[in-house]
Amino acid sequence: MQYHLLGKSNLAVSEIGFGCMSLGSDDAANAGLIHQACDRGINFFDTADLYEYGQNEITVGKALKDRRSSVIIATKVGNQWREDGSGWDWNPRKDYIMAAVEASLQRLQTDYIDLYQLHGGTIDDPIDDTIDAFETLQRHGKIRWYGISSIRPNVIREYVKRSHIVSIMMQYSLLDRRPEETVFPLLQENNIGVLARGTVAKGLLVDKPAAAYLNYTAKEVATAAAAVKEASTSSRHAAQTALRFVLQQPAVTSAVAGIRTPAQLEDALNAVNASALLPEEIKKLQQAVAINTYEQHR
Amino acid sequence: MSSIDNTIRCFLFSYRLRYIVFHLKACCYAKTESGNVIVPGVNDP
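Protein sequence lines correspond, in order, to chains V and F. Here the first sequence stands for residues 2 to 299, numbered as in the working numbering. Here the second sequence stands for residues 219 to 263, numbered as in the working numbering.
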C-alpha cells in the first residue's frame with residue numbers, strides 16, 4: 002500500500018480509502034471488516050453524520066477506538082435533521098457546525114477528527130461563516146484539517162480562494178471525467194488533495210448491465226465498459242482496471258471505495274497490487290468515450 | 219383539433235416527460251451517494 006500526503010496537510014493517507022457509507026448495522030461484522038482493512042494497510046476511513054442518521058459514525062467509532070492513533074478518520078457536516086423528523090435541511094452555518102462537531106466526536110468516540118468535510122455546498126451559502134467555523138474548530142484542536150465534498154466548480158473555486166482546505170472529495174471515473182477540465186488543474190496548482198469516489202460508476206464499468214449515466218447513453222456506457230474489459234487481464238480484473246485509471250490520475254490522492262463485504266475489500270486491495278496501466282492503455286480508455294464536462298454550477 | 223394544438227400538446231408532453239426523468243435520475247443517484255439524501259453539490263445529477 003502506498004501513502005500520499007493529503008494536499009498541504011500532514012495526513013499520509015492510503016491510496017485506497019475505506020468508504021464506510023454502505024456498512025450494515027452489524028457492529029461486530031463491521032469491526033471485523035474494518036480491522037481487516039487496517040491490517041492490510043488501509044488507514045483512511047470516511048463516514049458522515051447523515052449516514053444512517055449518525056449510526057454509521059457510531060459503528061465506525063466502535064471499530065476504530067482501539068486503533069485511533071494509527072488511523073485517519075474523516076467525517077462530514079452540513080446536513081441538519083429536522084426536529085420533527087421529516088427530513089434533512091442543508092445548513093452550512095457556523096453555529097450549526099460548532100454544535101454538530103460535538104455530536105460527531107461523541108458518536109466516533111474520539112476527541113479529534115482528522116479531516117472534517119463540508120458535506121456539499123452551494124454558491125449562495127454564507128461561505129465566510131462556514132470557513133470561520135472550520136478555522137475555529139482547527140484552532141481549538143477539535144479537527145486537524147478540513148475539506149469539502151463537492152462537485153460544483155463555482156463552489157470549489159471559492160473555497161480554494163478563501164479558505165485553507167486540504168482536500169476535495171468528488172466523483173471521478175472513466176465515465177465522469179468532468180473534474181479534468183478545470184477543477185483538477187486548479188487543485189494541483191494549489192496543492193489540494195482529491196479524494197475520489199464513484200470510481201466504478203455504480204458498477205457500470207464492471208458488472209452492471211449498461212444503462213444511461215450522466216450525459217452518456219447506455220450504448221456509450223457499454224462501450225466504456227468494453228474498453229475497461231479489454232484493458233483488463235487475468236491478473237487485473239475490470240474493477241481493478243477502473244480503479245487504477247483513477248489512481249493514476251496525478252491529481253488524485255486516494256480512491257475511496259465503498260466497502261460493505263469482504264469481497265469488495267479484497268477487490269479494492271487487489272487494485273493496489275495490480276499492474277499499473279501503461280500510458281497507451283490509459284489513452285485507449287480515455288478515447289473510448291468522449292470526455293464530459295460540468296454543465297451546471299460552472 | 220388543429221395541427222398547432224397537436225404540436226403544443228406534444229411539446230408539453232415531452233417537456234413533462236423530460237422533467238420526470240430528470241428527477242427520477244436525481245433520486246436514484248442520491249440513493250447510492252449520500253444514503254438516500256439529496257445533498258446540494260454532492261449528488262447533483
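Note that these hints are calculated values from the structure, not bench results. Hints are not guaranteed to be accurate.
Derived contacts from chain F toward chain V, CB cut-off under 8 Å, selection only [stated by the list, open to error]:
#1 Val255
#2 Val257
#3 Pro258
#4 Gly259
#5 Val260
#6 Asp262
Here are the computed distance ranges between Cβ atoms for each label pair [as the list claims (entries may be wrong)]:
#7 V:Arg158 / F:Asn224: 40 to 48 Å
#8 F:Asn224 / V:Gln56: 48 to 56 Å
#9 F:Asn224 / V:Asn271: 53 to 61 Å
#10 V:Pro210 / F:Asn224: 53 to 61 Å
#11 F:Asn224 / V:Met99: 44 to 52 Å
#12 F:Asn224 / V:Arg299: 32 to 40 Å
#13 F:Asn224 / V:Pro263: 36 to 44 Å
#14 F:Asn224 / V:Thr224: 51 to 59 Å
#15 V:Lys220 / F:Asn224: 48 to 56 Å
#16 V:Asn155 / F:Asn224: 57 to 65 Å
#17 F:Asn224 / V:Asp133: 53 to 61 Å
As the structure is a prediction and not an experimental result, all values here were calculated from the model. We put the beta carbon where it would ideally sit given N, CA and C, even for glycine.
Hints, one by one, checked against the model:
{"no.": "1", "hint": "Val255", "in the structure": "holds, 5 Å"}
{"no.": "2", "hint": "Val257", "in the structure": "holds, 4 Å"}
{"no.": "3", "hint": "Pro258", "in the structure": "holds, 5 Å"}
{"no.": "4", "hint": "Gly259", "in the structure": "holds, 4 Å"}
{"no.": "5", "hint": "Val260", "in the structure": "holds, 5 Å"}
{"no.": "6", "hint": "Asp262", "in the structure": "holds, 6 Å"}
{"no.": "7", "hint": "V:Arg158 / F:Asn224: 40 to 48 Å", "in the structure": "holds, 46 Å"}
{"no.": "8", "hint": "F:Asn224 / V:Gln56: 48 to 56 Å", "in the structure": "holds, 54 Å"}
{"no.": "9", "hint": "F:Asn224 / V:Asn271: 53 to 61 Å", "in the structure": "holds, 58 Å"}
{"no.": "10", "hint": "V:Pro210 / F:Asn224: 53 to 61 Å", "in the structure": "violated, 36 Å"}
{"no.": "11", "hint": "F:Asn224 / V:Met99: 44 to 52 Å", "in the structure": "violated, 59 Å"}
{"no.": "12", "hint": "F:Asn224 / V:Arg299: 32 to 40 Å", "in the structure": "holds, 37 Å"}
{"no.": "13", "hint": "F:Asn224 / V:Pro263: 36 to 44 Å", "in the structure": "violated, 58 Å"}
{"no.": "14", "hint": "F:Asn224 / V:Thr224: 51 to 59 Å", "in the structure": "violated, 37 Å"}
{"no.": "15", "hint": "V:Lys220 / F:Asn224: 48 to 56 Å", "in the structure": "violated, 31 Å"}
{"no.": "16", "hint": "V:Asn155 / F:Asn224: 57 to 65 Å", "in the structure": "violated, 41 Å"}
{"no.": "17", "hint": "F:Asn224 / V:Asp133: 53 to 61 Å", "in the structure": "holds, 58 Å"}
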